[in-house]
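**Student:** Chains as they are written, first to last, in the numbering used here: chain A, 1 to 464; chain B, 465 to 684.
For the record, the hints were derived by calculation from the structure and aren't laboratory data.
Glycine residues also receive a C-beta, built at the ideal position from the N, C-alpha and C atoms.
Accuracy of the hints is not assured; some may be wrong.
Where chain A lies over chain B, by a calculated footprint (3+ residues, C-beta under 8 Å) [what the hints assert, rightly or not]: (1) 482 to 491; (2) 614 to 626.
Facing chain A, according to a computed beta carbon distance under 10 Å, are these residues of chain B, among others [said to hold, decoys possible]: (3) D517; (4) L519; (5) P568; (6) S569; (7) T605; (8) S638; (9) G645; (10) G664; (11) R665.
Now the in silico label distances, taken between C-beta atoms and shown as ranges [stated by the list, open to error]: (12) A:A29 <-> B:A483: 33 to 39 Å; (13) A:R232 <-> B:S538: 57 to 63 Å; (14) A:A74 <-> B:F619: 33 to 39 Å; (15) B:M574 <-> A:L145: 43 to 49 Å; (16) B:T506 <-> A:E370: 21 to 27 Å; (17) A:E181 <-> B:E554: 39 to 45 Å.
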Amino acid sequence: MSAPRPGGYRAAAREVLRDRPEVRTSVLAATHTFDEHRRASWEEIDADAWRDWMRDVKSHVLTHLDVYLETAEARLEANGVRVHWAETAGDALAALGAVAEAHGVRRAVKAKSMLSEELGVNAFLEERGVLVRETDLGEYIIQLLGEPPSHIVGPAIHRSVDDCRHLFGEKLGTAPGASPEDLAAAARAALREDFLSADLGISGANFLVAETGTVALIENEGNIRLSTSMPRVHVALVGIEKLIPRLEDLSAFLQLTARAATGQAIGTYVSLIQGPRRQGEPDGPEEVHVILVDNGRTRLLADERAWEALRCVRCGACLNTCPVYRQTGGHPYGWAYSGPIGAVLAPGLLGLEEAMPLPFASSLCGACAEVCPVRIPLPELLVYWRERAVEAGLVPAAERFGMKAYAAVATKPRVFGAAAALLRHVPWELGGRALPVLGSWTAQRTAPPAAPRTFRSIWREGIE
Amino acid sequence: MSAPGRTSGGDAPMSGQRARILARTSAALGGRERVPHPGDFTGPRPPDARGSDRLRSFEEALVAAGGEVVRFASVEEARRWLADFAAAFETISVGATVPASLRPSRPAAMPRAAGLGVSIARAAVAETGSLVLDARDGRRTQLLPPTHLVWIRAFDVHATLRDALLDLWGDLPSAVGFHSGPSKSADIGQILVRGVHGPGRLIAGLIVEDDGPRAAPSTP
Chain A
1 MSAPRPGGYR AAAREVLRDR PEVRTSVLAA THTFDEHRRA SWEEIDADAW
51 RDWMRDVKSH VLTHLDVYLE TAEARLEANG VRVHWAETAG DALAALGAVA
101 EAHGVRRAVK AKSMLSEELG VNAFLEERGV LVRETDLGEY IIQLLGEPPS
151 HIVGPAIHRS VDDCRHLFGE KLGTAPGASP EDLAAAARAA LREDFLSADL
201 GISGANFLVA ETGTVALIEN EGNIRLSTSM PRVHVALVGI EKLIPRLEDL
251 SAFLQLTARA ATGQAIGTYV SLIQGPRRQG EPDGPEEVHV ILVDNGRTRL
301 LADERAWEAL RCVRCGACLN TCPVYRQTGG HPYGWAYSGP IGAVLAPGLL
351 GLEEAMPLPF ASSLCGACAE VCPVRIPLPE LLVYWRERAV EAGLVPAAER
401 FGMKAYAAVA TKPRVFGAAA ALLRHVPWEL GGRALPVLGS WTAQRTAPPA
451 APRTFRSIWR EGIE
Chain B
465 MSAPGRTSGG DAPMSGQRAR ILARTSAALG GRERVPHPGD FTGPRPPDAR
515 GSDRLRSFEE ALVAAGGEVV RFASVEEARR WLADFAAAFE TISVGATVPA
565 SLRPSRPAAM PRAAGLGVSI ARAAVAETGS LVLDARDGRR TQLLPPTHLV
615 WIRAFDVHAT LRDALLDLWG DLPSAVGFHS GPSKSADIGQ ILVRGVHGPG
665 RLIAGLIVED DGPRAAPSTP
């Protein structure tokens, strides 16, 4: 994708809601399905115990990250993998570009990777004359449309079957009444040619096992297995936070990540990759590269509070349950990661000013914290970034004043009581519309009549 | 990146980045409380980890994910079934380590041209309904043909994923694939379709002969 532009969030969200109501319909349906599947699959297991354990393993890795990075590097090199270190997106792209150039790569197949979206891999390689083909069906759809992904797990959830029918009719010549099966078959045929002709396969990594130097990848279609098996060179882009200590630790991570993302017991395909094809093996890539990417992660790690966001396994569960994300999908967030986790990662990875106003794109309802498989305290971190934004003077004066005024009233019981009593007599239909913030709310709505007595007076007398 | 071996020790910009990332990581962790590893994940166990229930769990999990399981009491029975089953396919690709007794009688085809791929699993997982496929058997046969038949011996079926991973440790090829059903996608309007890139049909040929205590991990 192009340069991050979270600053346009408000305008972009408004535009989607006003001009493209079908996006909301598709996103609501898809996120509801994802979330229902997650809920059902968590009921089959002691999900709370799994989440505690995974939180602790991730926190363990992150608080020993220097040690694990060196262990992983040594192991990867012993396996015959070429290891590259990249401080920034530009450095990661340069390393990838150098590999592509050294092998005279003309065609690349790409497995779904959020890090590659973060880095802007496709545009970079295409500028250098490399044809990059997205092979995940959802990624393929949005690549043909020229759009960025709108969801971590389901990149095309904002698009309907009809959208795909129209698109594939135009690009692949499918019939106007083609079924989803027909459409998938057409994509399979087209992409099969790409798998057979590509010189380079690009993937991300769900996990990197330090003790064995294993790149672990989860998927459902088989395109990741093909992308990492067919071309003669495989490059894996790996964020430095992706480490896991031991191979056996993958057991819980593979299962709960799948359950959190789609409700499956495990992804249909799991790849455990140890390096290039070895003697006696019939096939596989001749060369495997791992690019270890920082791109803001060490800065986030240094933050005393927000470092916990680096535990994220990119399952998308917090997006599926977020009442704000569900209205618009991911595009208005303006960069690779959307929803609550995107709003929490953005200030760390992009910088606070660059990330504004994403920490405010939440109602703080807390639903995200209830579903996070690694127990990232998302609402607390959203509040934390908001506080930091206020300190840094990045919040508009009206909001700052509103929060200050509320704090001044709410922290003094007598004043709060008096204000509450007064508010009950405000003629909302008339007066509300003149007020800032409340004006746009009351323009579309009428307020219910106030209760005859305040909650506080009932409370004082004892609730029956 | 032309020089083989330690790229990180090679050209100066790369090693500079390595040193700076590691230094920033260490600095970030300066006064941070170090969280201990929580120990082995023993988690929930499948209903019964032993005997025939282990096989039933495997079968139920794989079938729930859209896979098929055919049981055989002996290699001989499997072989007779294969002769019939394979007759429906014009071209067949066969994994490098599939034993002669479980190979179709016809000459093998290239995986990209085959209608059926026949592999042998190194292990399976009851908990997740997974077949564990080794790169030494050949990845293309595991991925390219639209129908995939995978032989699995009952004594290679592990109760849990953790057991299977512990068993893999120390004998890892360039790649291991866990296949837990046919290829699927819901990326077109959230409607589930099969056979998007990998095989649309996955059949586990479960050979129950000699389902005694687990044999030592086999090295093909």
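**Student:** With reference to the structure, classify each hint as holding or not holding.
**Tutor:** Results for each hint:
A count of 8 residues in the segment 482 to 491 of chain B with a Cβ less than 8 Å from any Cβ of chain A is obtained; the coverage claim is therefore met, three being the minimum. Taking a C-beta to C-beta cut-off of 8 Å, the segment 614 to 626 of chain B contributes 3 residues in contact with chain A, enough for the three needed, and the coverage statement holds. Evaluation of the B:D517 hint against chain A yields a violated restraint, the C-beta minimum of about 17 Å exceeding 10 Å. Using the Cβ-Cβ criterion of 10 Å, the hint placing B:L519 at the interface with chain A is not satisfied: the shortest such distance is roughly 17 Å.
Because the beta carbon of B:P568 sits about 17 Å from the nearest beta carbon in chain A, more than 10 Å, this interface hint is broken. Given the 10 Å rule on beta carbons, the hint for B:S569 is violated: about 21 Å separates it from the nearest Cβ of chain A. A cut of 10 Å between beta carbons decides the hint on B:T605: the least distance to chain A is about 8 Å, and the hint holds. About 5 Å separates the beta-carbon of B:S638 from the nearest beta-carbon of chain A, less than 10 Å, and the hint is met.
For B:G645, the suggested interface contact is upheld, since its CB lies about 5 Å from the closest CB of chain A, less than 10 Å. Hint on B:G664 holds. Least Cβ distance to chain A is approximately 9 Å, under the 10 Å limit. Evaluation of the B:R665 hint against chain A yields a violated restraint, the C-beta minimum of about 13 Å exceeding 10 Å. With their beta carbons about 49 Å apart, A:A29 and B:A483 fall outside the hinted range of 33 to 39 Å.
A hinted range of 57 to 63 Å is violated for the C-beta pair A:R232 and B:S538, which are about 42 Å apart. Taking 33 to 39 Å as the suggested C-beta distance range, the pair A:A74 and B:F619 conforms, at roughly 35 Å. As the Cβ distance of B:M574 to A:L145 is approximately 35 Å, the hint placing it in 43 to 49 Å is violated. Look at B:T506 against A:E370: about 25 Å separates their beta carbons, and that is inside 21 to 27 Å.
Take A:E181 and B:E554: their Cβ atoms lie about 22 Å apart, and the range 39 to 45 Å is violated.
Of the hints listed earlier, those the structure fails to meet are numbers 3, 4, 5, 6, 11, 12, 13, 15, 17, in rising order.
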